[in-house]
Structure formats: C-alpha cells, structure tokens
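Participant: The lines below spell out each chain.
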Amino acid sequence: MTTSAPEPLLTLSDVNTFYGQAQVHFDLSITVARGHIVCLLGGNASGKSTTMKIILGLVKPRSGDVTFDGASLIDLTTPQIVRRGIASVPEARRLFADMSVRENILMGAFVRNDRDAVAQDLDKMLTLFPKLGQRLSQRAGSLSGGEQQMVAMARALMSRPRMIVMDEPTMGLSPLYVDRVLELIRTINQEGVSVFMVEQNASLALEIAHEAYVLQTGKIVLSGPARALKDDPRVRDAYLGGSEAA
Amino acid sequence: MMSSWLDYTINGLIVGNVYALVAVGLALIFGVSRLINFAQGSIYLVGAYIGWVAVVQLHTPLPLTIIIVAAASALVGLIIERFGLRPLQNSVRIAPLLATIGISFVLDQLVMLTFSPNPRALPSQLPDVRFQVGGGTIGPLDLLIAGVGLTSALLLFVFLRYSKLGWAIRATAQDRDAAMQMGVDVNRVNQAVFGIAAALGGVSGLLVGMYYNQIDTAMSLQATLKGVVAEVVGGAGNVPGAVIGSLLLGLVESYGVAVFGTSYRNLFAFLLLVVVLVLRPNGLFASARQAPPEPLTGTFIAPSRPVRIPRWALLVAAAIFAILPFFPVSFYVLQTLINAWLLGMLALSLTLVAGTIGQVSLGHAALLAIGAYTSALLSLTFAIPVGLAIIGGGLMSAALGTALISPSFRLRGHYVSIATLAIGEIVSLVILNWESVTRGPIGISGIPPLSLFGYELVSPTSIYWFSFIVMVVLALLQARLLGSHLGRSFRAIRDDDIAARAYGLSLNRYKSLAFIFGGFAAGISGGIAAHLYSYINHETFNTQQSILALTVVILGGLGNVVGAIVGAVALVGLPEVFRIAAEYRILIYGIVLLLLVRFRPQGLLGTM
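Sequence order for the protein chains is A and B.
Quick note: the first sequence uses numbering that gives the first Met the number 0, first residue 0, plus one each step.
Quick note: the second sequence uses numbering that gives the first Met the number 0, first residue 0, plus one each step.
FYI, nobody ran anything at the bench for these hints, they're computed from the structure.
Note that the coordinates shown come from a computational prediction; the quantities given were computed from them, not determined experimentally.
Glycine included, C-beta positions come from ideal geometry on N, C-alpha and C.
A portion of the hints provided could be inaccurate.
Restraint ranges, calculated between C-beta atoms of paired labels, are given here [to be verified]:
| id | chain 1 | residue 1 | chain 2 | residue 2 | range |
| --- | --- | --- | --- | --- | --- |
| 1 | B | R487 | A | P224 | 32 to 40 angstroms |
| 2 | B | H484 | A | T66 | 41 to 49 angstroms |
| 3 | A | S136 | B | V128 | 45 to 53 angstroms |
Looking from chain B toward chain A, a few residues come up when the C-beta cut is under 8 angstroms (computed) [what the hints assert, rightly or not]:
| id | residue |
| --- | --- |
| 4 | A177 |
| 5 | Q180 |
| 6 | M181 |
| 7 | G182 |
| 8 | V183 |
| 9 | D184 |
| 10 | L379 |
Assemble the whole structure, with the sequences as input and the hints as a guide.
Facilitator: This is the structure we're talking about:
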C-alpha cells in the first residue's frame, strides 16, 4: 500500500442527478483514494448532501456510475451498500432518539453477526469516546449535540466500515467539540478507514483532508490536494473570506 | 348493584384486551410507516371466519385453532403489505391510506360472498362455568382472552427489546432513513410488522367471535374504528399506549353501557376519540416535545395538471343530459341517473372539502343524514313546503356540520380523516338514540314526496330534471368559487398551511367556509333523497356511502368539479350498464379505488 498514487476506493463518474425536472448534479466525478480523507466543500443548495445520498443509494442518479472497491453500487439498495462496507454519519446526527445510547451504538453493528466481536468493539468505542461510558443507558435524545455526534460516530464505526461518509459533522457544535470531532476523524482515518465528508466549514475541513472538491450548483469547480486548495485564492474568496471559521 | 360494577369492570377489561390486540397492530404499523391501516378490521373479520371454519368444520382443538388463525391472518397481512402497499412506497401520502380502505372493502366483500352476510355462531369449545370473584363472576373464556392478551404483550415486548428484527422495527419507527443507513432492510421490517399486526388482529377476531358466540361481516368496520380509537387515545404509534388506550376504551364503554344502555356503547368510544383528538392529538401519553406525526406541508394529494375540457363540450354534455327525458329512455335509466345526480351533489361537497382545501373526510354521509332528517322533520312536523324544507336541510347541514367539525380544524392529514370518521359515527349514533326527535331506530316514514310551489314531482322525468338542475346550479356555484380569490386561498391552505398562515390567512375561517359550502350541497342532496325514499333511518346514510363518495371524488380527480360529476355517473352508471349484482358492487368500488391509487392517483380528469 505504499505506492505513490493510492488506488481509488470510491469513485463517482459523470453522475447526473435530478429531483423531478430540476438537475442537481452535472457530470459529477469524485474519487476517494484508499486511506484518504476527502472533503466536499460547497455552499447551500450546491448538491453536497445529495452527493452523500447518491453514495448511500438513498437517491439514484439518472446517469453515471458509482463504484466502491471496483464494483458498481448503482443497482444496490442502501442496506446492501452498507453491507459492502460504507457507514454513515448523517446530517444532524439522526440518532434513534428514544433508544438508549447503547442500543444506538449497537444498531451500527446491525449488519454484523459476530456477537462476541461486536461486544469487544463496543468496549473499544468506550475507550475512544470515554464520555459515553456513563451515558450508555440514557435515552439518546437526551444527550447534548456534541455527545450525540460522538454516538453517531461510534455507531458508524461499529459496522467496521472501510469507509465512512459524514454529512457536516461539525454543524451546530460548540468550538470545543468541533476540535474534538476533527481530531477523532483523523484518528479514525489513521486506523485505516477512508473518510468522505461534506462540509461548509472549509478552513477546518481543509486542515484534516488529503484532497478536496468544491461544488457549486451541482458542478465541481475546483479540486486537488487540500493543502493547495487552502492557499487557492478562489477558495479563499468563496469560503475563507470572512472569519466565520470555527 | 355494587356487585354488578365489578362485572362491568371485568367485562370492560376483557373487551379492552380484545381491542388491544387490534390496536397494538395498528400502532406497530403506524410507527413504522406512518399509516393508519384501515384494513386491520378486515383481517380481524378474516380471522374470525377462519376460526369458524376451523372450529365448526374441521373441529380443531382450541390451541390449534388459535395457531391456525394467527398463521392464516399473518399470511393475509403479508399479502396486503407486499401487493397492496409496497408498490405505493413512493407515491403521495394519501395513497396507502386509500389503498387500505380499498383493501378492506375487497376483503369484507370476499368474506361476505363466501360465507353470506348472515351471522354465524362461533362456539368457544370451553366449559360454560362461571367462578365467583368478589362480587362478580368470571368464566374460562374471560381468562383465555386475558391470557392471550397478556402473553401477546409479553412476547411482543421481548421481541421488540431483545431480537434483532425487533431493534430494526424500533429504529425504523424512529428514523426510517437512518435505519436504512445502518443496513436495515425496511421492506422486511414492514413485512414483519404487517405479519405481526395481522396475526394479532386475526386472533382478536376469533376471541371476539367466541365471546359473543356470533360473527358477522359488520364486525370489520367496528373493529377498525375501535382499534383506531384505542390507538389514537394511547398516542399513534405508541405500542404500550395502545394497550392502555384499549383498556381505557373497554372500561369507558362498559361503564357507559351500565349507566345508559347498550345502544350508547359506540357513542362513548367516539366521543372519547374526539375529545382526545381535540385536546391531546398526540395521545394521552405523548410527551410535549413530540412533533406531530404528520408532514407539515402538503404532499398529501397527488399534484397534477387537470384535463382541460372546452366549455362547448361541457355545454353539449349538459344539453344532452337535459333533453334526455324527451327521448324514449327507460324509467330505469332515469332512475339510475337521478341516483348519479344525488351522489354528484355529495361528491361536489366532498371534492371541495377533501380536494380543494385538503381535509379528507371519511364521514361525509353524516351531512346527508343531517340534511335528510332536517328536511323530513320540517315537512312532516311543521308542514313546511318540501322545497323550502330541503333548503332548510342544506342550511342545517352547513351549520351543524361545520360546528361539529370545527374542533378538529387544528388537525392535519390522517387525523382529519379519523376525526371526520368519528363525527360521522357520532351523528348516526345520536340519530339512533335521540328518539324524541329522530324517532330512534324506527326511523321516519311517510315523508312527503318532492314538490315545488305546490306541484308534486312524482313522474321520474320531473324528479330527473329537478335533481339535475339542482346539481348543475351547485356545480356552477362551486366552479365560480374555485376561480375566485377564495378558491385560491383554499388551495393555498391545502398545499402549505404554514405558508398560508404566514400570509395572514386564517385557517379556521377558510376551513369553516369550505365546510359551510360543502355542508350545504351535501345537505341538499340528503334532503332530496329523504323525499325520494319516503323512509329514512339512522343507517340510510352510512360509512359505506362516505367511502363511495370518496371513491367518486378520487376517480374524478380531487378538487375537480366536473370530475366529481363524471365520477358519480361512472360509479353509479357503469355497474348498472353491466348489470352487476348488488353484492358485487362494493367489491368493485374497492377494486376501482385500489387500481386508481396504484395507477392514476390524480383521477380521470386530474386534481385541481
């Protein structure tokens, strides 16, 4: 795995998506290399969240292809895609509010049948997210936003995914939790999980990403190594202009 | 007297247990798919008849009977889910609701055609002894029902809490998309839920049949209604709430019967429902933070572009129908068309209320009943000329109908349908029980025939013209209304009531206006019908008619004036043209509804 150009794990090629008459994506092409963090930047209504839905099979494109580990996902249902090794941290967490924290985390292992290993993984999550230990039997809906984000990440990891897709993981969190979440994403990635994240908070996302894409009204307008984009004046103007970061 | 109170309590709890078996199924289904399954009572009916076949024809022992009923009912549930509802997953939200109504008509009619509508005895196979408990008595069947209720509740609890599929069901109920992203196959969850709900419902039907030692096809609608009441009282989608709501309902009914008599049983059930809907629409046990389980904005009705019919074509069609009696057409054809015009008036009313302003009423026949009784009593008791009496019926329907529905103006979506269904039942039960005015179960006979300015309209031709002209006038008024600013406000409220409110529209005022206009049209139709039939009672205008009207309106296209009339002519006329026997008609209405929902939800002429 030490080749200079890592092989792609996930690719979207020439994806065109429509909601009724309205076109959301125009020939969208994105590659996530194995072991990388890739970040999709864009403003409101640029088609970011729909990109997540396309990867997860919640929305199907009119044309184009999505492949994961060399195999097309186009004809698969969401549960089938999850079983291929893609986990998700949905926008606004989307925990099962009336289930306990423990049940929420274990729901992440729904596709697994190795009970003992699942129990071990649960313990591992509690070392990774020590705060959740005291909260296990609490209703998930009663946690703070930051704690809920931890549960959502633990839940995603429980399926032992090869890739996690995250929709705005820092949205609505306090600055303290924003740093913590970014750190955790890095940790998860270092353990070999590829990450595809959608973010509005460009400067933070570019801190941790390997590559980034900038989406504008359904078209990729810029892409490249995160470091390069960070200094790109066009990104600066569009996203880093104000001091709204963090 | 003290001792019998205990008996009434035991009876209430036993009946409550039976309701719980139905209501828990409804709650599971509502939880997972936000759908009120109006076919639940039909499965209960099917369960009872399967039980009858097993007990009376196959002589199976009781435990085996229960297993057979549970398994066969579950199979029916699975078939309904797979072929009736799964194809509708991506359609408008009203589609599955309408589909379950269609399915229930089809199932009920199939049972009726197979077993005849006559009641049958369903022996319980248990020894007929009663034990003294305190001051009351309890029999083996009571214990069986309590045992089945408790065992099912316990099994369900363990299943939901500890099995993988149970977790999947709970997760799906809380967040469908998120559950899918955990790898939950939502179709399997739906399947499981329908299977469980149907098994419970079927067993419930079996037990009720044994309890009263009688089954008949009228059980179905009653069971659906009671189950819905219990479920909504407990909080839609809340499984433990459904159990408590059921026991509460059983007790309320039992005590109500103890104090007021048997004919009041259902009245209490529906009053309880309306009170809960108005005061605590999320049920007695919902927490305050809970969001209303309905979409806030309207995707409830299939949007479409209505078919434009040129004015000259409408004029030609009206002219043909107007001069029809001059041609040698049979009395039979005129009679059929008179029925179509009367149904057309009801459909105009419903298409305005359900289609234009988006309040899908399932109790519209109550407006007919109010109009009919008012007109009949005015002409009989006060000797008011029939023409005026009919107008009085229309006005009374407009006023009373609007007053009755107004507490539910704050409800949305499915809840409006439930509330209107309940109000429809309440009207019919009040007619049944208010003997001093309505003559109760005897009904009103000797209603004077139609007359206008002193001339009796007795020939079919004159009745035909009279009803046709009245309908056309109402249709023109309504078309005028829809084109006005008021019509646009109605549609704005239907499409997005929050946005409409943000623009300063008072929802209550506009809903009232729609119900006043709609109530008037329906009341006129009921009034004319009363003088045509010369005899009416509390069952003349029943839920079947409400559903028929809804089918007409959907067939024509919701909100579509011309569509309502075309739908009425089609649904009244076509069965006559093809000489379909009466007992098959309702079956056909059910099938028409199912096909429409599946293949042309916008109706023939499109929604407006």
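Participant: Evaluate each hint against the coordinates.
Facilitator: Verification of the supplied hints:
1. R487/B with P224/A: 32 to 40 angstroms: 55 angstroms, violated
2. H484/B with T66/A: 41 to 49 angstroms: 55 angstroms, violated
3. S136/A with V128/B: 45 to 53 angstroms: The hinted range 45 to 53 angstroms holds for S136/A and V128/B, with Cβ atoms some 48 angstroms apart.
4. A177: 4 angstroms, holds
5. Q180: Where the cut-off is 8 angstroms and the nearest Cβ of chain A is about 5 angstroms from Q180/B, the hint holds.
6. M181: 5 angstroms, holds
7. G182: Because about 4 angstroms separates G182/B from the closest Cβ in chain A, which is inside the 8 angstroms limit, the hint holds.
8. V183: Cβ of V183/B sits 6 angstroms from chain A, so the hint holds.
9. D184: Check passed: Cβ of D184/B comes within 5 angstroms of chain A, closer than 8 angstroms.
10. L379: Interface hint status for L379/B: violated (57 angstroms vs cutoff 8 angstroms).
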